[in-house]
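J.: Chain by chain, the residues run as shown.
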Amino acid sequence: MKSIRSQLLLWLVPSFVIIAFLAGSSLYLSEKRRLEANLDNELNEFVRIMKLTLKRPSPPFAGPFNMAPEFVSSVKKKLNDDSSGYYMQSWAEDGSTLNKSLSLGDQQIIRPNRINQQLQDSGEYVEYDSKLMSGDEIRVYAFSLQGNPRRATSDVSVAISKKVINQRLANFALELTVGGMFFCILLSAILVLVIRRSLVPIQNLTEQVAKVEAGSLHNRLIEENVPTEITPLVDRLNQLLTRLEQSFLRERQFNSDLAHELQTPLAAIRTTSEVALKWPEQSSFDDYRYIAESTIQLQQTIDSLLTLARIESSGNETLSESVSVFTIVEECLSLHANSIEARGIDIILDVNRAQSLRSDPRLLRIILSNLLSNAADYAPENSEVTIAGDLLLNNQGTSNYQLNSTVLTVVNSAPNLTKGDLVTMFDRLWRKDSSRTGSKHVGLGLSIARTAAKALSLEITADLVEQSTPEQKIKMSLTVVDKKF
Amino acid sequence: MKLLLVEDSEALRRAVVKALKASGFAVDATGDGQEGLWMALEHDYDVIILDIMLPGLDGTKVLKKLREANNESPVLFLTAKDSIEDRVAGLRLGADDYLVKSFAIEELIARVEVLARRKYQIRSPKLVVGDLVLDRSAKTVRRAEQNIVLSSQLFALLEYLMVNAGSVISRSQIEQHIYDEQVSPMSNVVDTAVCALRKAIVVTNDCPALIHTRRGMGYLMSVDKP
Chain Z
6 MKSIRSQLLL
16 WLVPSFVIIA
26 FLAGSSLYLS
36 EKRRLEANLD
46 NELNEFVRIM
56 KLTLKRPSPP
66 FAGPFNMAPE
76 FVSSVKKKLN
86 DDSSGYYMQS
96 WAEDGSTLNK
106 SLSLGDQQII
116 RPNRINQQLQ
126 DSGEYVEYDS
136 KLMSGDEIRV
146 YAFSLQGNPR
156 RATSDVSVAI
166 SKKVINQRLA
176 NFALELTVGG
186 MFFCILLSAI
196 LVLVIRRSLV
206 PIQNLTEQVA
216 KVEAGSLHNR
226 LIEENVPTEI
236 TPLVDRLNQL
246 LTRLEQSFLR
256 ERQFNSDLAH
266 ELQTPLAAIR
276 TTSEVALKWP
286 EQSSFDDYRY
296 IAESTIQLQQ
306 TIDSLLTLAR
316 IESSGNETLS
326 ESVSVFTIVE
336 ECLSLHANSI
346 EARGIDIILD
356 VNRAQSLRSD
366 PRLLRIILSN
376 LLSNAADYAP
386 ENSEVTIAGD
396 LLLNNQGTSN
406 YQLNSTVLTV
416 VNSAPNLTKG
426 DLVTMFDRLW
436 RKDSSRTGSK
446 HVGLGLSIAR
456 TAAKALSLEI
466 TADLVEQSTP
476 EQKIKMSLTV
486 VDKKF
Chain C
1243 MKLLLVEDSE
1253 ALRRAVVKAL
1263 KASGFAVDAT
1273 GDGQEGLWMA
1283 LEHDYDVIIL
1293 DIMLPGLDGT
1303 KVLKKLREAN
1313 NESPVLFLTA
1323 KDSIEDRVAG
1333 LRLGADDYLV
1343 KSFAIEELIA
1353 RVEVLARRKY
1363 QIRSPKLVVG
1373 DLVLDRSAKT
1383 VRRAEQNIVL
1393 SSQLFALLEY
1403 LMVNAGSVIS
1413 RSQIEQHIYD
1423 EQVSPMSNVV
1433 DTAVCALRKA
1443 IVVTNDCPAL
1453 IHTRRGMGYL
1463 MSVDKP
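Just so you know, the sequences run in chain order Z and C.
Numbering-wise (our numbering), the first sequence opens with residue 6 and increments by one.
Numbering-wise (our numbering), the second sequence opens with residue 1243 and increments by one.
Wrong hints could be hidden among the right ones.
To be verified - Where chain C lies over chain Z, by a calculated footprint (3+ residues, C-beta under 8 Å):
1) 170-183
2) 281-289
3) 294-305
4) 434-442
Quick caveat, the hints were computed from the structure, so don't treat them as lab data.
All C-beta atoms, glycine included, are put in the ideal place defined by N, C-alpha and C.
Next comes chain Z alone, as it looks inside the complex (with noise of 0.2 Å):
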């Protein structure tokens, strides 16, 4: 009962349901109003006549009645036929009845003892239903004939049936429920076509999702003749479609990087070995100075992918000790004091000796060391170098608790990097040279960097510096909060 289609069923189907009783109640009780109008009207013009025949001052009555022919001819005769459903009574002050039409035969109209002394005093009538014995239900109109000389003062009865109408409104009941359950079945029928029909879309959708596959993600999904109310879903599906061909495609990349990075190494291992084994006259010293080359490379590889696998799993294992910023840039650039020397690369360190903060020094040198590797081997040779450590005070108003920032930047020249490098740089595997040639880095160092600085909730940013000029530089800053309690 969780679809659409039976939400809508659920809840529409009685509704028109209800809709179709209150409106047959409403033409019923109409008609009904109607009918006992039209009957209230030949009922009163009845006993109008009825009236001006008995205040008449007559002849000898024909009949049981005492009528004047010339006026109650008709009268007379629906009195008299005992199937017009027409009837008169008369009573005396006494009760005892005086007079009745032929029709009524030996029924009683049921007098009305309680109105008739209100009969008396107004002068006016009284309009009731009532039955007669035989359970015909009948229209009552109860008036006082008052006495003169000749007549004694008498209560008078003139009623009518209610067969026909009661027939009538029988009829109309029965039309109203059939049709209203016509009604009923076929508006439920349209629903479900017009649902079925407006679902449809959704279906549409539902397929073309179905067939969206790993190698299809550039496909987007088609908004033409989607109702207006899913156009909002299907653009954040395409929106999703999107994100995901990214993603798939930097894992495709990444897969591709990987290869290359492994696979390369470890095919002039196999292929040297392979050539000294077969034509050992063709070896030389040379071949495992290759092996040991290539093999260093793989290490390289494995080593980072592992680290970084290392401080992603780390989570919030972090250390907190006092760290001297000066003495840990120190330590990293000693790691890198061959490569700095042999490209003649001018370091200006513009760091405060006694500035110091805490954080892990393990992630922090892990994140220094590849940036400064980064400045160390691609910035070009005999260029500078320039890292600076910047404290940043930042008092919060309370007297034990001081946030303190140290903004540490390294600047180096990089004329080839773009702007869009800038985005991908952090990537996996990422190499600005797409031939992936050269064994030094494997393209890991600031994607590690990125994720050490993440496990100490920091941020490295990178912006270029003199842009798309031959002194483009590029800066790699890393904020450092040091929370002291």
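For this one, chain Z is given, so just place chain C on it according to the hints.
T.: Below, chain C alone, put in the same frame as chain Z:
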């Protein structure tokens, strides 16, 4: 047979060159895509072994430019890109074969041999001229039911002459196909090698000469004396 190897990993390039040379191929090698393209367009290589991820010019672009220049040399992609999409893309681009790193060197050599045969429209690994039979897969030469032992370079020279049996092959053609770029064009290495080969394939006193000199033109391999 002369091959071009374009591979940026120096260690791998060095080992593959050694193996191919030991198998009797003349090999030129480079680690740069742009240089590789220039070499491929300048020389008529029997097979080109091409890495995809190359500095200078991507391997796929090298192949595309080669085909655009109507260079129909068979190309074997030797790459770490191992996905089905990469293989299909490489082959659709016009590569004749695709080998994923790491590989067995024997397999690479076998594939190169197949591509070289395909270039000369030869299906069988055996080349026959008169009673001289050269088996390219077994690397053997037999004449009059006797085995002939040849150095890899002489084997390559004989193979080249037998592949082109009936046609006159110039010295420069032999230089181009048998010797790599290290050989000086002014040297008489071809004449010396042909002389040595002639001697090597004489197993009996009544053996007819199969390699004939056409003065000023080159050499011809044929049973009949021209």
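J.: Could you tell me which of the hints above the structure violates, numbers in ascending order?
T.: As far as the earlier hints go, only 1 is violated by this structure.
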